[in-house]
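Residue numbers (this note's numbering), protein chains in the order written: chain A, 80 to 193; chain B, 6 to 119.
Calculated from the structure, these hints are not laboratory results. Any given hint might turn out to be false.
[Claimed, not checked] Coverage of chain B stretches by chain A, computed from C-beta distances (three or more under 8 Å per stretch; other residues unrestricted):
id	region
1	50–57
2	60–72
3	100–108
4	111–119
We put the beta carbon where it would ideally sit given N, CA and C, even for glycine.
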Amino acid sequence: TQLLEQSPQFLSIQEGENLTVYCNSSSVFSSLQWYRQEPGEGPVLLVTVVTGGEVKKLKRLTFQFGDARKDSSLHITAAQPGDTGLYLCAGALFVIQGAQKLVFGQGTRLTINP
Amino acid sequence: KAGVTQTPRYLIKTRGQQVTLSCSPISGHRSVSWYQQTPGQGLQFLFEYFSETQRNKGNFPGRFSGRQFSNSRSEMNVSTLELGDSALYLCASSSWTGVNYGYTFGSGTRLTVV
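The shape of chain B in the complex, shown without the other chains (with noise of 0.2 Å):
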């Protein structure tokens, strides 16, 4: 089956930009998370979604936001950007497994600020 599929793969802003990412997840599943990595934050938890409900969201101001369609789709939009925005974006598809939740991860947007 299809993986998690993460477009697109590269983007370059200008500070004060914004920009929108988007995530197609595994087929049937109904959750999505965000993560940002950095070389000095590692990855860090920025939202999750499921069923087009925010149910959890990390520590990340609010220029940081996101939505989930009826597909399951999710996107991800940062406003204003800062040259501290840039950083590989991975999104996260998952389902319960009956005891714990399986999570697959999309090769990730890679954002340059400049």
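The shape of chain A in the complex, shown without the other chains (with noise of 0.2 Å):
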């Protein structure tokens, strides 16, 4: 069962456009986080956000956690090639014993056109 649904899997668009992904689930999460994974190497991460409603920006992504804590977007503005890669999104759900698991969506392969 598939926890994090995250959309596109697939985007493709020119360079200078804005782009937005989305991550839904029916889960409360206690965080959300994005990374940013590279062809043959691990995910990195690129920001946590904790609290509904919440608004982080980085350079020219903005990323949102739903009011609900529940779902979550990465909007892009102006997107680079430099863009180019696999975006995850990942909600953070506490089990006993304060452990913590990552429940990752399928995540966005997206590619910037020059």
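Taking the hints as your guide, dock the two standalone chains into a single complex.
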């Protein structure tokens, strides 16, 4: 069962365009993290959002956590070829004894064409 | 500071064999999690270790096991390898930031079962 639905799975746009990636779930997460992964490497953390309604900006990237902490979005303004990569959202779920695990979305493979 | 180190980077094994992967976390991080990444299933949680104890386990068969040593280094073992075990195995070390866990992933071990 995929707890976190990420869309779109593939996105190819021209340099300079804007785009939004969505992550949706029926589960409530303690936090939501966004990662970027390059081929042959592990995911690299971009941002963590913790509070419902929270908005964080990282240069041209804007991340938002839904009010109910069940969904999140990543918006890129004026995309550049260097933004090309696999973007992953991950919801953090607390389990017993304070342990936590990350539930990942399927990822969005983003290609920015010059 | 040094990141998360996973060895080996690449591995080719034959069906039925077993394999051991290693992960050295960031110094001071006591939690190590393992994830399997495949094109079809994305990133899936295997298990998490904290202070040499498994705190959390995903939905994988008993052929997948792990352990953590007193220096926080972790190993995962897969016995009786199947073709479907071919994947990128990622290790993440984490520490509590006071608000949430901060995760750092290694570059992964690419396992190919033939």
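Structure-based check of each hint:
Here the region 50–57 of chain B counts 3 residues with a CB under 8 Å from a CB of chain A, which clears the bar of 3, and the coverage holds. Residues of the region 60–72 of chain B lying with their CB closer than 8 Å to a CB of chain A number 3, which satisfies the three-residue condition for coverage. Counting residues of the region 100–108 of chain B whose CB falls under 8 Å from any CB of chain A gives 5; the rule of at least 3 is met. Counting residues of the region 111–119 of chain B whose CB falls under 8 Å from any CB of chain A gives 4; the rule of at least 3 is met.
In this structure, every one of the numbered hints holds.
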